[in-house]
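Q: Single-letter residue listing:
Number of protein chains: 2
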Amino acid sequence: MSNNWKKNFSATAHKTRPSPIRELLKVVGQPGMISFAGGMPAPEVFPIDQFAEGAELLKTNGTSLLQYGTTEGHVPLREFLAKWTAPRLGRQVELDEILLTSGSQQALDLFAWAMIDPGDMVVTEDPSYMAALTTFGNHGAEFASVRVDGEGMVISDLPPLIENLQKQGRKIKCVYTIVNFQNPAGATMSVERRKELAAIAERYGVTVFEDDPYGYVRFDGEHLPSIFSFDKAGNTLYAGSFSKILSPGVRVGWVSGAKEIVRQMVVFKQSLDLCSSPITQALTYEYCRKGYLDSHLPSIIANYRVKRDAMEKSFQKHLSPLGITWVKPEGGFFYWLNTGAIDSSELARRALEKKVAILPGAPFCINPEAGIHAARINYTYSKPDLIEEGVSRLAQAIEEMKISA
Amino acid sequence: MSNNWKKNFSATAHKTRPSPIRELLKVVGQPGMISFAGGMPAPEVFPIDQFAEGAELLKTNGTSLLQYGTTEGHVPLREFLAKWTAPRLGRQVELDEILLTSGSQQALDLFAWAMIDPGDMVVTEDPSYMAALTTFGNHGAEFASVRVDGEGMVISDLPPLIENLQKQGRKIKCVYTIVNFQNPAGATMSVERRKELAAIAERYGVTVFEDDPYGYVRFDGEHLPSIFSFDKAGNTLYAGSFSKILSPGVRVGWVSGAKEIVRQMVVFKQSLDLCSSPITQALTYEYCRKGYLDSHLPSIIANYRVKRDAMEKSFQKHLSPLGITWVKPEGGFFYWLNTGAIDSSELARRALEKKVAILPGAPFCINPEAGIHAARINYTYSKPDLIEEGVSRLAQAIEEMKISA
Numbered sequence: 001m002s003n004n005w006k007k008n009f010s011a012t013a014h015k016t017r018p019s020p021i022r023e024l025l026k027v028v029g030q031p032g033m034i035s036f037a038g039g040m041p042a043p044e045v046f047p048i049d050q051f052a053e054g055a056e057l058l059k060t061n062g063t064s065l066l067q068y069g070t071t072e073g074h075v076p077l078r079e080f081l082a083k084w085t086a087p088r089l090g091r092q093v094e095l096d097e098i099l100l101t102s103g104s105q106q107a108l109d110l111f112a113w114a115m116i117d118p119g120d121m122v123v124t125e126d127p128s129y130m131a132a133l134t135t136f137g138n139h140g141a142e143f144a145s146v147r148v149d150g151e152g153m154v155i156s157d158l159p160p161l162i163e164n165l166q167k168q169g170r171k172i173k174c175v176y177t178i179v180n181f182q183n184p185a186g187a188t189m190s191v192e193r194r195k196e197l198a199a200i201a202e203r204y205g206v207t208v209f210e211d212d213p214y215g216y217v218r219f220d221g222e223h224l225p226s227i228f229s230f231d232k233a234g235n236t237l238y239a240g241s242f243s244k245i246l247s248p249g250v251r252v253g254w255v256s257g258a259k260e261i262v263r264q265m266v267v268f269k270q271s272l273d274l275c276s277s278p279i280t281q282a283l284t285y286e287y288c289r290k291g292y293l294d295s296h297l298p299s300i301i302a303n304y305r306v307k308r309d310a311m312e313k314s315f316q317k318h319l320s321p322l323g324i325t326w327v328k329p330e331g332g333f334f335y336w337l338n339t340g341a342i343d344s345s346e347l348a349r350r351a352l353e354k355k356v357a358i359l360p361g362a363p364f365c366i367n368p369e370a371g372i373h374a375a376r377i378n379y380t381y382s383k384p385d386l387i388e389e390g391v392s393r394l395a396q397a398i399e400e401m402k403i404s405a
Numbered sequence: 001m002s003n004n005w006k007k008n009f010s011a012t013a014h015k016t017r018p019s020p021i022r023e024l025l026k027v028v029g030q031p032g033m034i035s036f037a038g039g040m041p042a043p044e045v046f047p048i049d050q051f052a053e054g055a056e057l058l059k060t061n062g063t064s065l066l067q068y069g070t071t072e073g074h075v076p077l078r079e080f081l082a083k084w085t086a087p088r089l090g091r092q093v094e095l096d097e098i099l100l101t102s103g104s105q106q107a108l109d110l111f112a113w114a115m116i117d118p119g120d121m122v123v124t125e126d127p128s129y130m131a132a133l134t135t136f137g138n139h140g141a142e143f144a145s146v147r148v149d150g151e152g153m154v155i156s157d158l159p160p161l162i163e164n165l166q167k168q169g170r171k172i173k174c175v176y177t178i179v180n181f182q183n184p185a186g187a188t189m190s191v192e193r194r195k196e197l198a199a200i201a202e203r204y205g206v207t208v209f210e211d212d213p214y215g216y217v218r219f220d221g222e223h224l225p226s227i228f229s230f231d232k233a234g235n236t237l238y239a240g241s242f243s244k245i246l247s248p249g250v251r252v253g254w255v256s257g258a259k260e261i262v263r264q265m266v267v268f269k270q271s272l273d274l275c276s277s278p279i280t281q282a283l284t285y286e287y288c289r290k291g292y293l294d295s296h297l298p299s300i301i302a303n304y305r306v307k308r309d310a311m312e313k314s315f316q317k318h319l320s321p322l323g324i325t326w327v328k329p330e331g332g333f334f335y336w337l338n339t340g341a342i343d344s345s346e347l348a349r350r351a352l353e354k355k356v357a358i359l360p361g362a363p364f365c366i367n368p369e370a371g372i373h374a375a376r377i378n379y380t381y382s383k384p385d386l387i388e389e390g391v392s393r394l395a396q397a398i399e400e401m402k403i404s405a
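Protein chains in written order, with our numbering: chain A, 1 to 405; chain B, 1 to 405.
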């Protein structure tokens with residue numbers, strides 16, 4: 001076959017790397033494999049019957065569902081979300097302040113199209129969401145990063161970092177943060193820090209991408225107001241998703257923010273995919289309209305709380321004696337293990353031999369060394385008995401590494 | 001609100017323009033408006049009941065349909081397409097030679113990610129598909145173009161153009177062509193030219209993007225073999241879509257080509273939207289599996305043939321006397337009018353006042369002057385009586401322009 005493809009590839013194609021998660025998911029289907037690797041919802045929490053009720057729309061509204069939709073997205077769903085997110089956003093956003101996207105992953109790409117020139121800086125938490133780093137990186141972004149502690153991004157590190165970069169003439173286009181149950185670190189940003197970040201954005205003329213796919217999956221404590229709600233200057237774009245509270249298969253996410261940025265993202269969406277599917281948007285709306293989003297969410301949360309607790313118990317039983325440490329997440333999908341002296345890439349490789357899949361920390365980190373002794377563990381996908389078995393296998397892998405060291 | 005957005009926008013954001021089609025579609029919903037502007041399928045040809053039959057899958061296969069899908073797309077649908085397109089492609093492609101995309105629009109963006117660095121050249125037909133020019137342009141492509149005549153792209157113009165550009169040190173990444181019932185010119189590339197283009201790609205080490213969203217909507221004559229089928233060296237990527245033969249609302253397109261390019265597009269799709277919706281892919285497959293794609297397609301074609309004939313008749317009645325000329329398309333969605341001395345932008349503006357929407361030629365053209373006296377007219381969306389009424393209004397607008405000139 002042709003040799004013309006690779007020699008004609010773009011520089012970005014030569015540079016970018018396949019997602020280790022998406023690649024690993026292919027192995028994860030093997031018999032006997034226990035997966036803590038992906039960020040997948042549990043199949044047993046899908047509200048299959050309630051969602052399928054909406055299928056009658058395919059007949060009754062077929063004419064509009066099978067046609068092209070507007071690029072901005074299904075109006076009733078945008079209206080619903082404007083109301084539904086109002087408590088979190090501090091106000092009900094207007095219709096032209098909200099855009100539906102093909103999952104919140106597309107929101108990252110659209111935002112990058114609107115904002116990022118090669119060489120521009122994005123400030124992230126370290127560690128951060130791998131596929132956000134890839135997307136921003138594909139657009140030529142360079143990264144500066146701030147530590148994460150038990151209260152989320154260490155905001156006090158931001159002003160000196162920003163001032164230093166601005167002094168060097170670097171353009172800082174945004175601060176990217178996953179505010180609730182951060183992926184992968186599990187931490188949640190405190191209210192005080194949210195206020196500070198909104199103030200810093202205004203003071204330094206930067207924007208904030210507040211990514212919140214996990215925020216509604218809270219096991220303990222109260223929901224916190226968003227950064228968006230403290231940002232009276234309108235510098236914050238808030239991104240949400242149905243992937244973790246209903247279904248990733250609908251591919252419906254959304255962003256809320258100033259008309260200028262939403263409008264510009266719409267223009268780019270025109271040339272990316274014209275519009276998202278009116279079918280899945282309308283089915284999602286039907287589910288929400290009937291009140292199922294609110295009535296079913298508690299059972300998703302309850303399912304994941306049981307699994308989080310099972311994992312906590314298994315960690316205490318199997319990993320505590322081995323000197324592995326972690327912080328218990330109040331919600332979301334992930335634990336972030338501190339593996340001490342253990343190299344997490346090697347651990348992931350050995351764990352896979354024992355048929356348990358985990359993700360090493362390095363790909364999540366701006367400074368890869370920061371991730372060498374960390375690993376991300378998902379607890380939502382596997383059932384509690386498999387969680388216990390998987391952690392036990394993981395402990396065996398760690399013990400063997402300690403012995404051979 | 002904030003002034004921080006626009007000042008932080010990317011250079012591409014400052015440069016790109018909203019799609020005139022997508023923008024016009026907002027006006028087109030006005031009462032009494034007759035639209036020849038978009039490229040929308042007729043609502044009455046949607047196989048609503050047959051498509052809705054698949055809805056039971058939401059219950060029976062809910063667990064997998066509501067979950068993340070693979071980035072490559074629903075395996076049974078890829079297998080179906082590999083078989084279904086074999087007569088056109090000259091062989092049955094393998095599973096890793098086919099990728100499902102969120103409409104074929106996304107295929108253009110994925111291809112551009114894989115291939116195009118700023119300043120690279122793309123050779124297109126002039127005129128060409130507007131949103132392809134925008135997408136490639138957003139990635140920094142520059143354009144060289146070749147005329148279109150009754151047999152499609154004038155391939156004999158290609159070798160001197162390519163040699164000249166290569167002599168200047170320009171990197172030509174691909175030849176982009178809409179082979180059948182070209183958008184907007186309506187022309188279909190002859191078999192001889194398809195063979196020549198495949199040979200030229202091999203000789204000069206360039207690739208071909210063979211875009212074929214309209215190819216299965218043929219009214220007269222026989223289907224022609226694809227460029228892909230003549231390209232034994234594997235330099236051609238073939239792109240198809242369900243938008244015109246089933247429904248744009250499913251947002252399912254596909255590309256077939258060498259593993260290298262398909263694989264690289266998959267990697268980019270991971271960071272663009274992770275995967276397309278398993279729901280719409282599975283519903284589309286169910287429709288195909290039951291044989292409905294083949295059994296229903298003739299009635300779509302028949303519907304559009306009647307409308308094409310109605311438009312031809314109305315053109316002869318109203319536009320011929322005014323010196324307007326055109327070529328009758330053998331399939332697809334569009335007429336391309338030569339408006340003679342009439343400025344088509346002004347004509348489109350005046351037509352809109354008379355509640356008929358058409359698209360001026362300039363945005364489709366690499367050399368905008370080439371489009372000043374041309375207009376694209378869609379015939380698939382409006383019913384025959386409205387086609388007659390719309391063309392009559394268009395003729396009135398032309399007459400008024402002639403009088404005032």
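Treat the hints as calculated values from the structure; they're not laboratory data. Heads up, some of the hints might be wrong.
The list treats identical chains as one, so a pair stands whether inside a single copy or across any two.
Simulated crosslink set (BS3-like; lysine-lysine; CA at most 25 Å straight-line) [what the hints assert, rightly or not]:
#1 Lys83 <-> Lys383
#2 Lys402 <-> Lys15
#3 Lys259 <-> Lys354
#4 Lys259 <-> Lys83
#5 Lys7 <-> Lys383
#6 Lys290 <-> Lys59
#7 Lys383 <-> Lys59
#8 Lys26 <-> Lys355
#9 Lys259 <-> Lys402
#10 Lys313 <-> Lys167
#11 Lys15 <-> Lys171
#12 Lys383 <-> Lys195
#13 Lys15 <-> Lys232
#14 Lys232 <-> Lys7
#15 Lys290 <-> Lys83
#16 Lys232 <-> Lys59
#17 Lys232 <-> Lys354
Q: State whether the alpha carbon distance between Lys15 and Lys171 is at most 25 Å within one copy, between copies, both, or neither.
A: Classified as both: same-chain Cα gap 22 Å, cross-chain 19 Å, threshold 25 Å.
Q: 25 Å Cα cut-off: does Lys383 pair with Lys195 within a copy, between copies, both or neither?
A: Classified as neither: same-chain Cα gap 38 Å, cross-chain 57 Å, threshold 25 Å.
Q: Regarding Lys7 and Lys383, is the shortest C-alpha distance of 25 Å or less found within a copy, between copies, in both, or in neither?
A: neither (47 Å within a copy, 49 Å between copies)
Q: Indicate which option fits the pair Lys259, Lys402 if close means a Cα-Cα distance not exceeding 25 Å: within, between, both or neither.
A: neither (55 Å within a copy, 42 Å between copies)
Q: How would you classify Lys259 and Lys83 at a CA-CA limit of 25 Å: within, between, both, or neither?
A: For Lys259 and Lys83, only the intra-copy Cα distance (17 Å) is at most 25 Å; the inter-copy one is 46 Å.
Q: One pair to classify: Lys232 and Lys354, alpha carbons no more than 25 Å apart. Within, between, both, or neither?
A: For Lys232 and Lys354, the Cα distance exceeds 25 Å both inside one copy (52 Å) and across copies (45 Å).
Q: Should Lys232 paired with Lys59 be assigned to within, between, both, or neither, using CA atoms and 25 Å as the limit?
A: neither (44 Å within a copy, 45 Å between copies)
Q: Go through the copies and call it for Lys402 and Lys15: within, between, both or neither, with a Cα cutoff of 25 Å.
A: This pair counts as neither: shortest intra-copy Cα distance 35 Å, inter-copy 57 Å.
Q: With 25 Å as the alpha-carbon cut-off, assign the pair Lys313 and Lys167 to within, between, both or neither.
A: Neither. Shortest intra-copy (49 Å) and inter-copy (69 Å) distances fail the 25 Å Cα cut-off.
Q: Quick one: Lys290 to Lys83, C-alpha cut-off 25 Å, is that within a copy, between copies, both, or neither?
A: This pair counts as within: shortest intra-copy Cα distance 15 Å, inter-copy 41 Å.
Q: At most 25 Å between CA atoms: does that hold for Lys290 and Lys59 within a copy, between copies, both, or neither?
A: both (18 Å within a copy, 18 Å between copies)
Q: At most 25 Å between CA atoms: does that hold for Lys83 and Lys383 within a copy, between copies, both, or neither?
A: The answer is neither: 34 Å in one copy and 39 Å across copies each exceed 25 Å.
Violated hints, in rising order: 1, 2, 3, 5, 9, 10, 12, 13, 16, 17; the structure is consistent with all others.
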